[in-house]
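Peer 1: Got chain L sorted already, so can you dock chains C, Y and X onto it with the hints?
From first to last, the protein sequence lines are chains L, C, Y and X.
With our numbering, letter number 316 in the first sequence gets 316, and the count goes up by one each step, no holes.
With our numbering, letter number 48 in the second sequence gets 476, and the count goes up by one each step, no holes.
With our numbering, letter number 33 in the third sequence gets 537, and the count goes up by one each step, no holes.
With our numbering, letter number 56 in the fourth sequence gets 909, and the count goes up by one each step, no holes.
In short, the hints are calculated from the structure, not lab data.
Incorrect hints may have been included.
Unchecked claim - From the structure, some residues in chain X lie toward chain C, with a derived Cβ separation under 10 Å:
{"hint": "1", "residue": "893"}
{"hint": "2", "residue": "941"}
{"hint": "3", "residue": "945"}
Stated by the list, open to error - Straight line, CA to CA, 27 Å or less: simulated DSSO-like cross-link-like pairs of lysine-lysine:
{"hint": "4", "chain 1": "Y", "residue 1": "758", "chain 2": "X", "residue 2": "955"}
{"hint": "5", "chain 1": "L", "residue 1": "52", "chain 2": "L", "residue 2": "399"}
{"hint": "6", "chain 1": "Y", "residue 1": "701", "chain 2": "L", "residue 2": "269"}
Said to hold, decoys possible - Okay, the calculated beta carbon distance ranges per label pair:
{"hint": "7", "chain 1": "L", "residue 1": "400", "chain 2": "Y", "residue 2": "520", "range": "58 to 68 Å"}
{"hint": "8", "chain 1": "X", "residue 1": "874", "chain 2": "L", "residue 2": "85", "range": "37 to 47 Å"}
{"hint": "9", "chain 1": "C", "residue 1": "504", "chain 2": "Y", "residue 2": "789", "range": "21 to 31 Å"}
{"hint": "10", "chain 1": "L", "residue 1": "147", "chain 2": "X", "residue 2": "874", "range": "20 to 30 Å"}
{"hint": "11", "chain 1": "C", "residue 1": "494", "chain 2": "Y", "residue 2": "749", "range": "26 to 36 Å"}
{"hint": "12", "chain 1": "L", "residue 1": "375", "chain 2": "X", "residue 2": "874", "range": "50 to 60 Å"}
{"hint": "13", "chain 1": "Y", "residue 1": "811", "chain 2": "C", "residue 2": "448", "range": "28 to 38 Å"}
Heads up, the beta-carbon is just placed ideally off N, CA and C, and yes, glycines get one too.
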Amino acid sequence: MKLELGKIKIKDVQFGDVTKVEGNVLYVNAKEIETLVLEDERLISAKVELAKPGESVRIAPVKDVIEPRVKVSGNGGIFPGVISKVQEVGNGRTHALVGANVITCGKIVGFQEGIIDMSGPAAKYCPFCSTYNVCIVIEPAEGLDTHDYEAAGRLAGLKAAARIGEAGRNITPDEVMSYETKPLQEQIKQYPNLPKVGYIHMLQSQGLLHDTYYYGVDAKVMLPTVMYPTEMMDGAIVSGNCVAPCDKVTTFHHLNNPVVEELYKRHGKDLNFVGVILTNENVFLADKERSSDMVAKLAEYMGLDGVLITEEGYGNPDTDLMMNCKKVSQKGIKVVLITDEFPGRDGKSQSLADAVDEADALVSCGNGNVIINFPPMDRVIGTLDYVETMIGGYEGSLKPDGSIEAELQIIIASTIANGYNCLAARGY
Amino acid sequence: MVKEIERAGIPVVHMCTVVPISLTIGANRIVPAVGIPYPLGNPLLGEEGSFKIRMKLVKKALKALETEVDGQTVFE
Amino acid sequence: MEKKRVVHYINNFFAGIGGEEKADIPPESRPGRIGPGMALAEVLGDKYEVVGTVICGDSYFGENIEVAQEKLLSMIGDFKPDAFVAGPAFNAGRYGVACGTIARAVEQKFSIPVITGMYEENPGVDMFKKDLYIIRTGNSAADMRVAMPKIGALLKRMMEGEEILSPEAEGYIPRGIRVNYFADQNGAARGVEMLVKKMAGEAYVTEYPMPVFDRVDPQPAVKNIKKARIAVVTSGGIVPQGNPDRIESSSATKYGIYSIEGMDMMSPNDFMTIHGGYDRAFVTENPNLVVPLDALRQLEREGEIGELVNYFVTTTGTGTSIGNAKGFGEQFSKKLVEDKVDAVILTST
Amino acid sequence: MNKMLIVTNNNKVYEKHKENRDVLFLEKATHLEVLEKTRDLVHKGVRLLSHPIAGSLKPNQTPYRSILLEKPAHYGDSENQMIPILDIESLRLIENSIELTKRILAVKSIPQWPSKIEEDFKTVDLSIIDNAIN
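Next comes chain L alone, as it looks inside the complex (with noise of 0.2 Å):
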């Protein structure tokens, strides 16, 4: 499977009449955007605001961050099963609006959470304080099933990420990309001699409000299988979860992993990447020994020398992460995790709440409890009523003046399992 990414790098957003891309500025319609979420009767309000880099400017509570992309060629949609129908994707052309970004905000329920700066200190822990950012402030209507303010949500997100993704269609991208993944007993003898290396991709899949969706399918309900990294690509994965901030996969993360990236950059020069493990972290013991099994089974079946292991969340899935790594491992095949750690705030506890023999070989992607200070922004798009009573904050968290003091926790995607940023953790 052979896809072709055209990068278009956006430089700026600005509110125009039409959407569309020129000289590498984004143009929205904020009233056409608006109308289109609210063609789902569930949402009573949404609104849009621009967000940019530098600005002093504070978005909170984040539900999802999706980045704009549009199927040129090739079969199927982006993001199919939930906006396009089903269809195998990850092949042919595709473009993305690098550097801008739909972010979903505005309250769903109460404890939902995550905030983005667009500048100050705590800037530096996002990487969606750097991008050019259309938010959509949206509001559910009154007395909704608590399932359907989230599907409410997440939809809003991706439905506006495809329609300003399209206006990249016949735009010339800044550079291409390829990535190609052949078939596996192909990819193993295109580079006989290098060993051969697989990503086992773990989704959230908790329950309510802690769920990841494959080709539309809620991963709690899917058994382990095999995809070729270039789907991910055209968003056969999107996120439905929005509890724990510092950790969460966004929707851009599953379009962008940083682990195929890095996997596809060494494709072929010291080692053979020839595809992805997708599995879930389920609440049913049972599910994470059937689970675990089968992920061994397949990473054994394609015959793997190596192996890295990612999870999203913290607790329950680091139990799935240790049961992959020591079945995996005594299939003989080498293991890295990469994850991040909750040491508490001085730094002093376990940082993971499970532990195997076999975990020898781990990155860290840093602590999540520090504890940091972040000024008050000028402009808040979304509300900080709930600040206090999000993961990582805590009384007295939001001061008078609207500063904040939090475990950096409370950041999106600030610690992300998925080695996404530069953060890490060492022993002192």
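Peer 2: Frame of chain L; chains C, Y and X shown alone:
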């Protein structure tokens, strides 16, 4: 603690309910006990029955102390 | 500019009062510097002054921790210190534990920079590395010339409020504290690099080491159990009613030694369980479920064992506080050896 | 026949499952107390079916916790009460979960929530345990 006693030159038998933890912390002579809320006996069988179990376990512990071991050994 | 006032803690040996025979001397205070205090003053330089030295015998400290600590804290307070140095203790176990205990107490009470030094095998290391900067020293006083300059250098950096760098740079023993930093590559790149090395069998360094447990060789078996002196040790949290020494209900920071002289069984009127880790109903009703005194006394009468020591050692253990348990083990094992104990039965829930 | 047991302090879970399941409803219990009660059951040989700290909601945030367990045969009928075999995996998970929960609670206790948000917490907790049941 079990290792420090052994290092000080005194043989030690660890009567514990969770054998894997005892193995992890390095005990060399291990006697599995009954249950966490009632390690050396089973009150559900009444005082007399519970004491019988306790005596059996303590004798097994003494037996372990009298047995040469060259590594971590669980006395079932 | 007024000199910074530094107080130094040393034991009987380093104060030149005497060796093991003087290990029971109570706390005392002397103005100025003594013994290793000379070297300390020298490395600190003229902006600092070792205004006083407090001394205590290792045995006295070990057996009267609460009392010794209180007395020493008031003596130290009298000197109005800006900083505090304990030791270095090199590989002396009880001295190391004393240095760690008093240094942590000083930091908690006066919130001033404190520092000590130990050999990495010293039991005090595991007990206090998370609370204190412990400079890595050699295993004997011969290393004083090398250790003291490092202690002085790090203390000065702490006094000037400079950022404390990595254990390797500053010479202290890694404390196991996780600190954030920005790496030059992102996690994914570092992960792939680590995997390539691991697959090729090349050396790599994990960024989060899993806890590892060292092993110790088993002691030879008891020759004749019918002649053996036996002691019972428990982590099941059995203490006299009222918990006189206020041992904590989980991951205790202290242990107790209590008499069972003249007792034929562990009576619920005399003993209780404070362990927070299990449903205590059964053990409260019958403490023999944790300390099997009834069975052991019967075996003693039947001549199946030599004799039972007239005390038992107790604390509350949970898996996590390995550091403290190691320290206790070192301390009470010395007493068991002195009392000629031939074998120990260790019980835990 | 091994029977399923739910330990919960969430009335939504109790109302929904009390007919067809054995539900131990600890109405006044805190989040931590539900975990500690579960631990006492595990010590008596009951096996965990769902992960005790499932869900990204932190123990110092949501007051509600439901856990699914499985009782061993002859559990509770004292005549032929066998000495229960301790399920090591369940013990490790519940002890890890309690330790983690205590550490998080030490940082910040559960705030007083407006009822609307409490309902959301109950719904999420119910959804998480329902995923485990069916």
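Peer 1: Determine for every hint whether it applies to the structure shown.
Peer 2: Going through the hints against the structure:
A hinted interface residue such as residue 893 of chain X counts as satisfied when its beta carbon comes closer than 10 Å to some beta carbon of chain C; here the least separation is about 7 Å, so the hint holds. With 10 Å as the threshold, the beta carbon of residue 941 of chain X comes within range of chain C, its nearest partner Cβ sitting at about 6 Å, so the hint holds. Residue-level restraint check for residue 945 of chain X holds (minimum Cβ-Cβ distance to chain C is 8 Å; threshold 10 Å). Restraint check: the Cα-Cα separation between residue 758 of chain Y and residue 955 of chain X comes to about 21 Å, which is no more than 27 Å; the hinted pair holds.
With a CA separation close to 25 Å, the supplied pair residue 52 of chain L and residue 399 of chain L stays within the 27 Å bound. With a C-alpha separation of about 14 Å, the suggested pair residue 701 of chain Y and residue 269 of chain L falls inside the 27 Å cut-off, and the hint holds. The given range of 58 to 68 Å is respected by residue 400 of chain L and residue 520 of chain Y, whose C-beta atoms sit roughly 59 Å from each other. One distance hint, 37 to 47 Å for the beta-carbon pair residue 874 of chain X and residue 85 of chain L, holds here, with the actual separation near 39 Å.
For residue 504 of chain C and residue 789 of chain Y, the hinted distance range of 21 to 31 Å is satisfied, since their beta carbons lie about 28 Å from each other. The supplied range of 20 to 30 Å is met by residue 147 of chain L and residue 874 of chain X, whose beta-carbon atoms lie about 22 Å from each other. Take residue 494 of chain C and residue 749 of chain Y: their Cβ atoms lie about 34 Å apart, and the range 26 to 36 Å holds. Checked against the given bound of 50 to 60 Å, the beta carbons of residue 375 of chain L and residue 874 of chain X, roughly 51 Å apart, stay inside it.
Taking the beta carbon of each, residue 811 of chain Y and residue 448 of chain C are about 34 Å apart, inside 28 to 38 Å as hinted.
Against the hints set out earlier in the document, no violation occurs for any number.
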